[in-house]
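Those sequence lines, one after another, are chains A and B. Letter 4 of the first sequence, counting from 1, is numbered 4 in this note's numbering, and no numbers are missing. The number in this note's numbering is simply the position in the second sequence, starting from 1, with 462 added.
Just to be clear, a hint being listed does not mean it is correct.
[What the hints assert, rightly or not] Label pairs and their calculated CB-CB ranges:
1) I567(B) with K84(A): 45 to 53 Å
2) T504(B) with A42(A): 31 to 39 Å
3) D366(A) with T504(B): 44 to 52 Å
4) K438(A) with K492(B): 47 to 55 Å
5) A23(A) with L610(B): 48 to 56 Å
6) V481(B) with A46(A): 27 to 35 Å
7) T532(B) with P330(A): 35 to 43 Å
8) M463(B) with A42(A): 47 to 55 Å
9) I592(B) with K28(A): 45 to 53 Å
10) P337(A) with T532(B): 25 to 33 Å
[To be verified] Restricting the straight-line Cα-Cα distance to at most 35 Å, the calculated cross-link-like pairs of lysine-lysine (DSBU-like) are:
11) K681(B) with K401(A)
12) K277(A) with K497(B)
13) K10(A) with K497(B)
14) K203(A) with K681(B)
15) K277(A) with K512(B)
16) K218(A) with K497(B)
17) K448(A) with K683(B)
18) K497(B) with K275(A)
19) K302(A) with K497(B)
20) K512(B) with K53(A)
Calculated directly from the structure, the hints in this document are not laboratory data. Cβ atoms here follow ideal geometry from the backbone N, Cα and C, with glycine treated the same way.
Spelled out from the first residue to the last, the chains are:
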Amino acid sequence: MAEGILCNRKPVNTKEDLLALLADKSGKQYYEEMNHLHVDSAALWATIQKSLKSRLRTWLEICAHCGLCADSCFYYLANNKDPKQVPSYKIQSTLGEIVRRKGDVDNAFMQMVMDTAWSKCTCCNRCGSFCPFGIDMGVMFGYLRGLCFSQGFVPWEMKIGSGMHRIYRAQMDITSEDWVDTCTWMCEENEEDWPGLEIPVDKENADILYTVNAREPKHYPEDIAQAAILFHLAGENWTVPSVGWEETSLTMFAGDWEGCRLQVQEVYNAMERLKPKRMIGTECGHAYRATVLEGPYWAGLKTGKTPVESIHYIEWVAEALRTGKLKLDPSKKLKMPVTYQDSCNYIRNAGLADTAREIMSYIAEDFREMTPCREHNFCCGGGGGLNGIGRYREQRNVGLKVKRDQIIATGAKLVVSPCHNCWDAIRDMEEIFHIGIKWSFLKPILLKMVIVPDHLKPENGE
Amino acid sequence: MYQFVTGPLAWLSFGIFLVGIIVRVVLYIKGLDWKLDRVTYTVNVSYGIKGAIRSIFFWLIPFGTRGWRTNPGFTILFFIFHTGLLFTPLFLAAHNILLKERWGISLWTIPDFAADLLTIFVIVSAVIIILRRIALPEVRILTTAYDLLVLLIATAPFITGFIAYHQAPGYQFWLITHILCGEIMLVSIPFTKLSHFILFFMSRAQIGMDFGIKRGGMKGKGFAW
Ligand code: HEM
Ligand code: SF4
Ligand code: SF4
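Next comes chain A alone, as it looks inside the complex (with noise of 0.2 Å):
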């Protein structure tokens, strides 16, 4: 069985070998060495026997071939409704046809089928609300990426990102001491304009613990700094972990199912270790699928639930408005027109469609509905790790434009993006197309606005 030295069925699990990867520039090695990788097709047949169980297979079985799905899917409506870009097509011609010849499949067939799974779906689930059977292709789509990724027929920043998983319980290569670094640093940083502000690392029986997107410490702190305002400002009493930080999950993506187990572990060890008594994550889509949905599954708690409840960033700030934590001063509530970004992991997939309405009902005036929305949203086009992966740019570009489409039609020039995939969606979709709008997190919005008690404020403060 000939596999290549960067392109293999092994996953990454030394440093050596995900500097290796890196070294090799945007995969040329690696997608050559893709080239000459054979299938082991014993091996991926006895994954399916194991693993597609009645529910995948009566999917495949009983699709009635009805295109019902076809316009749900945003691919198909970005790409001028060609017909291969339907849902049921897509997964009848990868997974379906792996199935029918029993795993005896080629090289060139399963990059065809990595192609497909990767820039052909991005795993946000909306063909399955439009299915008469609620046949879901993003559930079955994540189920074969797992099947690629096992064949090592996985985007080259897939492995990358399932690799720095396995080493650093990150999707970056931040170690626990550049994370608590970061912290320190970001609050030595603001503690001037913030007297009194903290970031406590590690304390037990906190109320709240934080976790967050390694993008954050990577290549915005300061969000990191935001969050602890936010939470000085609210009175809270909270920590983040030095260990078991990281919510997001590219090993999700890259469907590397153990390494999923192995990242959630690690935060669901520090939630048993603090004993905080709850869990709330930034503003991330996937991160929470992962970790407060998904995760508990991959770990193998049997009460589908995380150790302690988890909660998304966006119930915390409702609950804080609402609950009057945090006041907003309302006359600098938002004039312009704004619109929401419902994402895909936790609106359609976690039911939080209202707590987004209620918070915008407190800090917009003009708010606008995007068509369709809240569990019928389109995909920002960025989900599934698409955004990430170079060999796809321009699949991904061309289905921003449904999203695009989407924004111009309500006439906003904000849109509240509190996920960090629909941000650069939107942030990417603007580089290319010059809408003129701008889009933001939930946090910087809310420190614009938030009334400072009297005695958080500066010595010298006004």
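Could you slot chain B with the ligands onto chain A? The hints should help.
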């Protein structure tokens, strides 16, 4: 011949149909896996049941879901077709007379003209379904010969029954063909895509539990199908 196809053969096909769908249901449930499907079917049961019921209920109502509403033409086609498929054979007077004679039971009956109309609806819908499959590129790309075969198996009893009822020449032949087609359909249900007759409910219940338990059902108002 008539005695045979309405006697032992009828028993046999009903038997295969019944046992077949029971086996499909049992296998489906046995093949559910909380860890692989990532749904705790046996924990948070009340949320699961609520999710399952909502998921089935809204989809059984014409225009009851966003999916139906965005495809009004297809929705009408689908409901007319399926109403005809299910109601006509169950409530046809002739079937019930036969039932009474053979097994001593009978159901409500509908007037013959209504049954006739439903039959015509089924046949016309089937034709439109085929035309739709040819006309729309997004459906054409999905369509296989197997789909057409399944459609033929489902509509053949209606076509032959219609011909027999209207006393075309060769009544005996059409009657027996009709009965055989009906029996083929019954037997096919557990073994072909027609298994969706029962698996529709299983599959919808499953996704309903998924949303009811894990994907937001414990928060919010339940998924707005
Ligand atoms: C309550 C029971 C049933 C439900 C909920 C149901 C549901 C569905 C659904 C959702 C479709 C897909 C839409 C379509 O392609 O038309 C479908 C198609 C179909 N159903 Fe059913 N079905 C049921 C019973 C039956 C029965 C008893 C038969 C006949 C034996 C049948 C025959 C068909 C056929 C032939 C199609 C394919 C139509 C096509 O080719 O487009 N269904 N059914
Ligand atoms: S809507 Fe459902 S049944 Fe129809 S083609 Fe799509 S996946 Fe198949
Ligand atoms: S999950 Fe989303 S992207 Fe994937 S096929 Fe369905 S609608 Fe399209």
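Going through the hints against the structure:
1. I567(B) with K84(A): 45 to 53 Å: Cβ of I567(B) to Cβ of K84(A): about 52 Å, so the range 45 to 53 Å holds.
2. T504(B) with A42(A): 31 to 39 Å: 34 Å, holds
3. D366(A) with T504(B): 44 to 52 Å: 47 Å, holds
4. K438(A) with K492(B): 47 to 55 Å: 53 Å, holds
5. A23(A) with L610(B): 48 to 56 Å: 55 Å, holds
6. V481(B) with A46(A): 27 to 35 Å: The hinted range 27 to 35 Å holds for V481(B) and A46(A), with Cβ atoms some 31 Å apart.
7. T532(B) with P330(A): 35 to 43 Å: 39 Å, holds
8. M463(B) with A42(A): 47 to 55 Å: 52 Å, holds
9. I592(B) with K28(A): 45 to 53 Å: This hint holds: roughly 50 Å between Cβ atoms.
10. P337(A) with T532(B): 25 to 33 Å: 26 Å, holds
11. K681(B) with K401(A): 32 Å, holds
12. K277(A) with K497(B): 26 Å, holds
13. K10(A) with K497(B): 24 Å, holds
14. K203(A) with K681(B): Cα-Cα ~29 Å, so holds.
15. K277(A) with K512(B): OK: K277(A) and K512(B) at ~29 Å, within 35 Å.
16. K218(A) with K497(B): 33 Å, holds
17. K448(A) with K683(B): 32 Å, holds
18. K497(B) with K275(A): Since the Cα atoms of K497(B) and K275(A) sit roughly 26 Å apart, the hinted pair holds (cutoff 35 Å).
19. K302(A) with K497(B): 9 Å, holds
20. K512(B) with K53(A): Cα-Cα ~24 Å, so holds.
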